[in-house]
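Peer 1: So the chains spell out like this:
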Amino acid sequence: MQFSTEDWSRRLLDSYRDHKGVNIGDHTGLPSKPEVASLCVGLLQLLFPGYHDGGALAKLEVGQITRDRVATLADDFHRMLLAVLGGREEAGPVAEARVKHLFEQLPPIRAVLKTDVEAAFEGDPAAATRDEIILSYPFLEAIGIQRVAHLLYRQEIPLIPRMMTEWAHAQTGIDIHPGASIGSHFFIDHGTGVVIGETCNIGARVKLYHGVTLGARSFAKDEFGRIKKGGKRHPDVEDGVTIYPNATVLGGGTVIGRNSTIGGNVFLLHSVPPNSLVYNAEAQMHVVDKTSKAPHPGCSI
Amino acid sequence: MQFSTEDWSRRLLDSYRDHKGVNIGDHTGLPSKPEVASLCVGLLQLLFPGYHDGGALAKLEVGQITRDRVATLADDFHRMLLAVLGGREEAGPVAEARVKHLFEQLPPIRAVLKTDVEAAFEGDPAAATRDEIILSYPFLEAIGIQRVAHLLYRQEIPLIPRMMTEWAHAQTGIDIHPGASIGSHFFIDHGTGVVIGETCNIGARVKLYHGVTLGARSFAKDEFGRIKKGGKRHPDVEDGVTIYPNATVLGGGTVIGRNSTIGGNVFLLHSVPPNSLVYNAEAQMHVVDKTSKAPHPGCSI
Amino acid sequence: MQFSTEDWSRRLLDSYRDHKGVNIGDHTGLPSKPEVASLCVGLLQLLFPGYHDGGALAKLEVGQITRDRVATLADDFHRMLLAVLGGREEAGPVAEARVKHLFEQLPPIRAVLKTDVEAAFEGDPAAATRDEIILSYPFLEAIGIQRVAHLLYRQEIPLIPRMMTEWAHAQTGIDIHPGASIGSHFFIDHGTGVVIGETCNIGARVKLYHGVTLGARSFAKDEFGRIKKGGKRHPDVEDGVTIYPNATVLGGGTVIGRNSTIGGNVFLLHSVPPNSLVYNAEAQMHVVDKTSKAPHPGCSI
Numbered sequence: 001m002q003f004s005t006e007d008w009s010r011r012l013l014d015s016y017r018d019h020k021g022v023n024i025g026d027h028t029g030l031p032s033k034p035e036v037a038s039l040c041v042g043l044l045q046l047l048f049p050g051y052h053d054g055g056a057l058a059k060l061e062v063g064q065i066t067r068d069r070v071a072t073l074a075d076d077f078h079r080m081l082l083a084v085l086g087g088r089e090e091a092g093p094v095a096e097a098r099v100k101h102l103f104e105q106l107p108p109i110r111a112v113l114k115t116d117v118e119a120a121f122e123g124d125p126a127a128a129t130r131d132e133i134i135l136s137y138p139f140l141e142a143i144g145i146q147r148v149a150h151l152l153y154r155q156e157i158p159l160i161p162r163m164m165t166e167w168a169h170a171q172t173g174i175d176i177h178p179g180a181s182i183g184s185h186f187f188i189d190h191g192t193g194v195v196i197g198e199t200c201n202i203g204a205r206v207k208l209y210h211g212v213t214l215g216a217r218s219f220a221k222d223e224f225g226r227i228k229k230g231g232k233r234h235p236d237v238e239d240g241v242t243i244y245p246n247a248t249v250l251g252g253g254t255v256i257g258r259n260s261t262i263g264g265n266v267f268l269l270h271s272v273p274p275n276s277l278v279y280n281a282e283a284q285m286h287v288v289d290k291t292s293k294a295p296h297p298g299c300s301i
Numbered sequence: 001m002q003f004s005t006e007d008w009s010r011r012l013l014d015s016y017r018d019h020k021g022v023n024i025g026d027h028t029g030l031p032s033k034p035e036v037a038s039l040c041v042g043l044l045q046l047l048f049p050g051y052h053d054g055g056a057l058a059k060l061e062v063g064q065i066t067r068d069r070v071a072t073l074a075d076d077f078h079r080m081l082l083a084v085l086g087g088r089e090e091a092g093p094v095a096e097a098r099v100k101h102l103f104e105q106l107p108p109i110r111a112v113l114k115t116d117v118e119a120a121f122e123g124d125p126a127a128a129t130r131d132e133i134i135l136s137y138p139f140l141e142a143i144g145i146q147r148v149a150h151l152l153y154r155q156e157i158p159l160i161p162r163m164m165t166e167w168a169h170a171q172t173g174i175d176i177h178p179g180a181s182i183g184s185h186f187f188i189d190h191g192t193g194v195v196i197g198e199t200c201n202i203g204a205r206v207k208l209y210h211g212v213t214l215g216a217r218s219f220a221k222d223e224f225g226r227i228k229k230g231g232k233r234h235p236d237v238e239d240g241v242t243i244y245p246n247a248t249v250l251g252g253g254t255v256i257g258r259n260s261t262i263g264g265n266v267f268l269l270h271s272v273p274p275n276s277l278v279y280n281a282e283a284q285m286h287v288v289d290k291t292s293k294a295p296h297p298g299c300s301i
Numbered sequence: 001m002q003f004s005t006e007d008w009s010r011r012l013l014d015s016y017r018d019h020k021g022v023n024i025g026d027h028t029g030l031p032s033k034p035e036v037a038s039l040c041v042g043l044l045q046l047l048f049p050g051y052h053d054g055g056a057l058a059k060l061e062v063g064q065i066t067r068d069r070v071a072t073l074a075d076d077f078h079r080m081l082l083a084v085l086g087g088r089e090e091a092g093p094v095a096e097a098r099v100k101h102l103f104e105q106l107p108p109i110r111a112v113l114k115t116d117v118e119a120a121f122e123g124d125p126a127a128a129t130r131d132e133i134i135l136s137y138p139f140l141e142a143i144g145i146q147r148v149a150h151l152l153y154r155q156e157i158p159l160i161p162r163m164m165t166e167w168a169h170a171q172t173g174i175d176i177h178p179g180a181s182i183g184s185h186f187f188i189d190h191g192t193g194v195v196i197g198e199t200c201n202i203g204a205r206v207k208l209y210h211g212v213t214l215g216a217r218s219f220a221k222d223e224f225g226r227i228k229k230g231g232k233r234h235p236d237v238e239d240g241v242t243i244y245p246n247a248t249v250l251g252g253g254t255v256i257g258r259n260s261t262i263g264g265n266v267f268l269l270h271s272v273p274p275n276s277l278v279y280n281a282e283a284q285m286h287v288v289d290k291t292s293k294a295p296h297p298g299c300s301i
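Residue numbers (our numbering), protein chains in the order written: chain A, 1 to 301; chain B, 1 to 301; chain C, 1 to 301.
Calculated directly from the structure, the hints in this document are not laboratory data. You can trust all of the hints, since none of them are fake.
If several chains are the same, the list does not tell them apart, and a pair holds so long as it fits within one copy or across any two.
Straight-line distance between alpha carbons at most 25 Å, and here's what the computed BS3-like set of lysine-lysine pairs gives:
id, residue 1, residue 2
1, K221, K290
2, K59, K33
3, K59, K20
4, K20, K33
5, K228, K114
6, K229, K114
7, K114, K59
8, K114, K221
Whole structure, please, built from the sequences with the hints as guidance.
Peer 2: Below, the structure written as structure tokens:
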């Protein structure tokens, strides 16, 4: 079959003319998805050497491999920075300073990620070894990328940090905005469906289960009825808090006090003091015998 | 180690003999997963040129790149159609008409997708630019593929539309059946865990959060106790509705009236009139002091 | 831009010196992620021949293709086993026995997976054909890999089974621990966010929807306040049970009696007898008119 596709192509090209939803021409300075994916993989390889490779790195070669990876990643990241900062004054020196800062901060980020591994090992009876956590727990990939992205976010690098956490979201189902500030010994079990918003502050030793949302309640609007960008919109979670599966905590003024426990499926819009245990009453659940449609005798629920 | 694997192979080959769960021989006419994945990527590249590539497309080359892509995609899609329509009368002319229809509809689909980008920009304070939405919001990939798959679904093309939306589901965690009809200015924030059923009708300017289910309540059975295929099973959502995280709305007779707001974690089996605000009472949540097991003094929840 | 990256590399290499979070040197015996991914794809190709390939396998070649795949996969799996069992006595004979057991069990596992396909076909009105299920239902990939991983788990093979189910989790959003024991005719619709814990026992003809958690309630601690590893921590689900979206069932002593139905969003910490229907009371949901802030007149919810 030979289609005459010229007409279809022309109509598509016509539809590109309004410049909306098109990335054509080299003026836009957008990073590409494959570039960001490659940056993320490179970072994970430096943060946990040998775990994101074909296997263990040979002891004699690890020095050279690391040097090569650092050099390549520095160049790649620098090129992406020049593109996204292109329109700004002094993009060159700024980009250089950003690259320097990133690589100097990788060892401290490694140190914090090791506390996350410890938190998972201590917090999950199913984890037999720390290697199992690094090789198979999706949260470590998500928080590893987010901790680096947060560094870039704080330096006001546009687009790249958000694309990095979205790369991790696609891999893991865990959606952590690069703006969120997260303490040490962080652990998310299972992870699918977790959402952590841009203006969250999360303390140390916080444990989340899958499906937990730390989100916005409602959005302030300007005089034209448009949503205002920015502002504190997401909760704060203090040290030592545990939040069980599918709980939803919303609002910029909401604070979960230290060492509190939030039960599964709880929907919380207000602050709770330290040491709180918050749970849904079970009373409103009905258990009936399907065969008789009567309550089960002596059913305690 | 040299295993004598002949015995193991023979047993597996024996187990293929009942022809169940095997795709052997060229009579079956099934599309392959890699073919469908490649179709989806090609469509996204045509719908948002330069965003699903290694970077911006050069202005001077975009015409030729687009023509090449259209020609390749038309041939690939035509071949897949001939396979899945193989058993039908006049598969040839039908396949040609389907290819023609798809490519003629791509510009109008682009126009609707631009309204989806606008809805995300206006609906999410965290979105700094429209480029950020196209590069990093998973819902746009999901709805982009679904809008094309819905077109094919309405033309009764088997298998391919369902495999397309399932490809997008695997990328994004957003599961929209190709049968669902969805209006303009659609926005899903975060997205993981969203399920939209086959017979949903969704109006314009609808905003969903992650974990929202628009699903079936129960299934009609035939005289032999088997579930009946088909039938209206999923809710309708009118214009301007917002549904917060992890809400579940079920049933083919359920209608969410226009401009309503459904709160997080709500479980809704009935219709609500326009302008409704539906939320779970907070009263049955308990907040106790873990250290004393007594309610927190003055706790308002 | 030429960065002097030597200093950055040196600091990273220094941070590798504590041997935490590093897989350097060939003594560790860890499987690599790409190896495990390749094992999973190879298994799916043997379990459902022609569905995880570029298309249908040619009838004349299927014998040779299968023999080649079995031989390659046996070698690869044997090499991975030798690595992870490296520190044990008689790793060689044990690894051989494990390979033999795996391949002898693939035909029976195929037989059970066919019952899963039937369960999906009979349980979902949207499924038009069994081919559609094999080509586009993510649960089949998840349960296919889990049934094999469970076999390896029961033989106390470390790491590999857990990495296999985590590979499937990343593809599908369905997180089933390899320790879970699952009966025939199993079906998960949609799937994103499902979590099934290590010590679950699930009967035959069980149907789950997306977002269902079968998890642990709390963890026993030892005299030093550390969580005890192991122990029965997750629920049992008897034959014929259906659990609707986003329900959470927790606890090692929790048993869902046969033929019970658990409603959407239910949070259940106790056992229920056979034939139970468990659902949340709708009474505590409020429906108000957003324009007047008064309840909708005559609203029955």
